[in-house]
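Add chain B to chain A, keeping to what the hints say.
2 protein chains.
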Amino acid sequence: MAHANSVADASSSAPAAARPLLVTGTIGIDTVETPSARADRVLGGSAAYFAAAASRLTPVRLVGVVGDDLPASHRSTLEGLGGVDLRGLETRAGGKTFAWGGKYLLNLNERETLFTELGVVAEAPPRVPEVFADSEFVFLGNTHPAVQAGLLEQVPSRAVAVADTMDLWINVAHDELVHLLSKVDGIVLNDSEAAQLTGVRNAITAGRRILGYGPTFAVVKKGEHGAVLVHRDGVAVVPAFPAEEDMVVDPTGAGDTFAGGFMAHLARTGRSDLDTLQEALAWGTVMASFTIGAFSLDGVARATPADLAERYRRFARHARV
Amino acid sequence: MAHANSVADASSSAPAAARPLLVTGTIGIDTVETPSARADRVLGGSAAYFAAAASRLTPVRLVGVVGDDLPASHRSTLEGLGGVDLRGLETRAGGKTFAWGGKYLLNLNERETLFTELGVVAEAPPRVPEVFADSEFVFLGNTHPAVQAGLLEQVPSRAVAVADTMDLWINVAHDELVHLLSKVDGIVLNDSEAAQLTGVRNAITAGRRILGYGPTFAVVKKGEHGAVLVHRDGVAVVPAFPAEEDMVVDPTGAGDTFAGGFMAHLARTGRSDLDTLQEALAWGTVMASFTIGAFSLDGVARATPADLAERYRRFARHARV
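So the sequences go chain by chain: A and B.
The first sequence runs 0 to 320 under numbering that gives the first Met the number 0.
The second sequence runs 0 to 320 under numbering that gives the first Met the number 0.
Mixed in with the good hints, there may be bad ones.
To be verified - Heads up, simulated SDA-like pairs for lysine to any residue below, C-alpha to C-alpha not over 20 Å straight-line: (1) B/Lys221 <-> A/Asn108; (2) A/Lys221 <-> B/Lys221; (3) A/Lys182 <-> A/Gln153; (4) A/Lys182 <-> A/Ala172; (5) A/Lys221 <-> B/Asp190; (6) A/Lys221 <-> B/Gly222; (7) A/Lys221 <-> B/Glu244; (8) A/Lys221 <-> B/Leu107; (9) A/Lys221 <-> B/Leu273; (10) A/Lys221 <-> B/His317; (11) B/Lys102 <-> A/Arg200; (12) A/Lys102 <-> A/Gly222; (13) B/Lys221 <-> A/His317; (14) B/Lys221 <-> A/Arg319; (15) B/Lys221 <-> A/Glu244; (16) B/Lys221 <-> A/Arg200; (17) B/Lys221 <-> A/Gly213; (18) A/Lys221 <-> B/Glu243; (19) B/Lys221 <-> A/Asn106; (20) A/Lys221 <-> B/Ala242; (21) B/Lys221 <-> A/Asp190; (22) A/Lys221 <-> B/Lys182; (23) B/Lys182 <-> B/Ala145; (24) B/Lys221 <-> A/Asn189; (25) B/Lys102 <-> B/Leu113; (26) A/Lys221 <-> B/Lys102; (27) A/Lys182 <-> A/Arg126; (28) A/Lys182 <-> A/Gly213; (29) B/Lys95 <-> B/Asp68; (30) B/Lys95 <-> B/Pro70; (31) A/Lys221 <-> B/Val320; (32) B/Lys221 <-> A/Ala172; (33) B/Lys221 <-> A/Glu243; (34) A/Lys221 <-> B/Ser191; (35) B/Lys221 <-> B/Asn108; (36) B/Lys221 <-> A/Val320; (37) A/Lys221 <-> B/Arg319; (38) B/Lys221 <-> A/Ser191.
Rather than coming from a laboratory, the hints here were simulated on the basis of the structure.
In isolation and in its complexed conformation, chain A is listed as follows:
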């Protein structure tokens, strides 16, 4: 595990300090039903959401695999994000792109999965291309922890590596996940997953237990209730953006864009100290607040720099202590 060196004098608006940011994860085709609307076979997947958000702040390198059934319009959307290097996006001939269908219940905070078609995600994982091997900030989107560990090894220059995970891997690949935790600097997971991994319901105490496996920090996400950061040097808490009911169209991807904003702020500042991580929580929150306002990547992808700055100021005003 390598730690980032803080870059002296780097402020959050100093692009000179920016370090290359790599994300691995899923590019998928989502079908989403909400109580009031429906989106059919739109672009989704953890890495797509992450890249859409992170690329608002800093250049992103994407590593993933799709089938040759990925609609051309979805590829165009990824290309149109700007600032996302797609040389790590493998298109597998004859393969099927990951597809997911979900339905949100009335309050938009609970959902059921209608179908999951793994497609190429069940086959051999993608490779990190040689031109990405010098990436310094790495986000390992949710997949089998052994695959995440294999991808991580392909980025020897990494300074700050952060992994996402999910309940499935805590259940069926516990040992591999624990091994991965010894290799990364940070982990991002939901409060229910943190409780499942540690047996502790309190999010702060659960996060602290996770540090015992090796990482320097854990981000425990609480959905509409915000997130907590447990770090060796201290603790930070952030509420969710106070979104009114009519602001929420589709929560899909909120967690992935939270991670994208979070990691992008680290990469663009070249830092990973506690103060910078705390700022990064707020940037993650801002990105998630755009994502929930539309289906697919639309909400975050169309946010302009002025929109982001204004939303950040609003959030800071709403949440100041």
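Just chain B, lined up with the frame of chain A:
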């Protein structure tokens, strides 16, 4: 409904601006079980918790009624708080003091009520003594909304009146509660209660609907997830203090001491504008963080000014955006 005039140049540490703060509510005898400990017949009740917290910041006038069975040691505890004027505490001869028993489940976030003995609380309500009639900041602890309205009329000098309520009154006294809402400046209630009152689960939107009944602001409490303030002039969100598992001994009274810290900050500054209300949310959070650390009023009552200032600084650091 009368509104507070902001006092020019009053900062949060300017006692010269302090206005008299009155609280009405329950003084009770609590028996509490947690998974690891138990407290028998300790001092409790909403007004006792509120006064213990508020008196850390500003003088408090307490209005309530007890039976002559209230243990002398509990009366001594109230007297020993310092800064709580007990001339509105009626001791009813032959009456029985309100008593409550509750048991917390393993995660300390769910509890069941084991017994409630209303005693004197089921009889005629207390009166606001003549010497308290010039109170400017008024908190109406949870009781039947018609009783709250009757108490409010006895404080003609009120500038800022805030009421607490509960699910029971939303069910059995809906019209009286709506009437009360047209008479107060603010309401404090739990997220589940806000949803019940408005039919809207989103805390911000529910709070906004409540403003339609008349108040200038609504504070929607979310327990371990903090609180939101919905005000005619804007919205504020505050996370809970990031309490580790071993910091939580007994959550009883957390909401009442939150209200006490909140109202005390308003009264001591003589203000109720959005900025001051937002600061008050943080003071409420700090008070609640002391309350949960011990049974009964002990946690908040023994907090020194230095303890409070240090905890406030810690919270501001943990929660800064």
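Checked hints:
1. Distance check on the hinted pair: B/Lys221 and A/Asn108 sit about 15 Å apart at the alpha-carbon level, within 20 Å; holds.
2. Among the hinted pairs, A/Lys221 with B/Lys221 is consistent with the structure: their alpha-carbon atoms are about 13 Å apart, no more than 20 Å.
3. A hinted pair counts as satisfied when its Cα atoms are at most 20 Å apart, and A/Lys182 with A/Gln153 qualifies at roughly 13 Å.
4. For the hint linking A/Lys182 to A/Ala172, the alpha-carbon distance of about 16 Å falls within 20 Å, and the restraint holds.
5. For the proposed pair A/Lys221 and B/Asp190, the alpha carbon gap of about 16 Å is at most 20 Å, so the pair holds.
6. Between A/Lys221 and B/Gly222 the CA atoms are separated by roughly 13 Å; this keeps the pair inside 20 Å, and the hint holds.
7. Between A/Lys221 and B/Glu244 the CA atoms are separated by roughly 17 Å; this keeps the pair inside 20 Å, and the hint holds.
8. Restraint check: the Cα-Cα separation between A/Lys221 and B/Leu107 comes to about 18 Å, which is no more than 20 Å; the hinted pair holds.
9. For the hint pairing A/Lys221 with B/Leu273, the CA-to-CA distance comes to about 27 Å; that exceeds 20 Å, so the pair is violated.
10. A hinted pair counts as satisfied when its Cα atoms are at most 20 Å apart, and A/Lys221 with B/His317 qualifies at roughly 16 Å.
11. Note on B/Lys102 and A/Arg200: the hinted pairing holds, with a Cα-Cα distance of about 18 Å set against a maximum of 20 Å.
12. Between the alpha carbons of A/Lys102 and A/Gly222 the distance comes to roughly 17 Å, so the proposed pair stays at or under 20 Å and holds.
13. At most 20 Å may separate the alpha-carbon atoms for a hinted pair to count; B/Lys221 and A/His317 meet this at roughly 16 Å.
14. Distance restraint check for B/Lys221 and A/Arg319: the Cα-Cα separation of roughly 18 Å lies within the 20 Å cut-off, and the hinted pair is therefore satisfied.
15. Between B/Lys221 and A/Glu244 the CA atoms are separated by roughly 17 Å; this keeps the pair inside 20 Å, and the hint holds.
16. Distance check on the hinted pair: B/Lys221 and A/Arg200 sit about 17 Å apart at the alpha-carbon level, within 20 Å; holds.
17. Taking the CA atoms of B/Lys221 and A/Gly213, the gap is near 32 Å; set against the 20 Å cutoff, the hint is violated.
18. A distance of roughly 16 Å separates the Cα atoms of A/Lys221 and B/Glu243; the hinted pair therefore holds under the 20 Å criterion.
19. As the CA atoms of B/Lys221 and A/Asn106 are separated by approximately 16 Å, the hinted pair is consistent with the 20 Å bound.
20. Of the pairs offered as hints, the one joining A/Lys221 and B/Ala242 holds, with about 15 Å between alpha carbons and a cut-off of 20 Å not exceeded.
21. With a C-alpha separation of about 16 Å, the suggested pair B/Lys221 and A/Asp190 falls inside the 20 Å cut-off, and the hint holds.
22. Distance hint between A/Lys221 and B/Lys182 is unfulfilled; the C-alpha atoms sit about 36 Å from each other, more than 20 Å.
23. Simply put, B/Lys182 and B/Ala145 have alpha-carbon atoms about 11 Å apart, close enough for the 20 Å limit, and the pair holds.
24. Distance check on the hinted pair: B/Lys221 and A/Asn189 sit about 18 Å apart at the alpha-carbon level, within 20 Å; holds.
25. A distance of roughly 7 Å separates the Cα atoms of B/Lys102 and B/Leu113; the hinted pair therefore holds under the 20 Å criterion.
26. A threshold of 20 Å between alpha carbons decides the hint, and for A/Lys221 with B/Lys102 the separation of about 26 Å lies outside it, so the pair is violated.
27. With a CA separation close to 19 Å, the supplied pair A/Lys182 and A/Arg126 stays within the 20 Å bound.
28. Among the hinted pairs, A/Lys182 with A/Gly213 is consistent with the structure: their alpha-carbon atoms are about 7 Å apart, no more than 20 Å.
29. Between the alpha carbons of B/Lys95 and B/Asp68 the distance comes to roughly 6 Å, so the proposed pair stays at or under 20 Å and holds.
30. Taking the CA atoms of B/Lys95 and B/Pro70, the gap is about 11 Å. The hint holds against a cut of 20 Å.
31. Proposed proximity of A/Lys221 and B/Val320 is supported: the alpha carbons are some 17 Å apart, at most 20 Å.
32. For the given pair, B/Lys221 sits about 34 Å from A/Ala172 by alpha-carbon distance, which is inconsistent with the 20 Å threshold.
33. Restraint check for B/Lys221 and A/Glu243: satisfied, since their Cα atoms lie roughly 16 Å apart, inside the 20 Å limit.
34. A C-alpha spacing of about 18 Å is found between A/Lys221 and B/Ser191, which places the hinted pair at or below 20 Å, so the restraint holds.
35. Distance hint between B/Lys221 and B/Asn108 is fulfilled; the C-alpha atoms sit about 11 Å from each other, no more than 20 Å.
36. Of the supplied pair hints, the one linking B/Lys221 and A/Val320 holds, its CA atoms being roughly 17 Å apart against a limit of 20 Å.
37. A hinted pair counts as satisfied when its Cα atoms are at most 20 Å apart, and A/Lys221 with B/Arg319 qualifies at roughly 18 Å.
38. Proposed proximity of B/Lys221 and A/Ser191 is supported: the alpha carbons are some 18 Å apart, at most 20 Å.
Hint compliance for this structure: hints 9, 17, 22, 26 and 32 are not met, and every other hint is.
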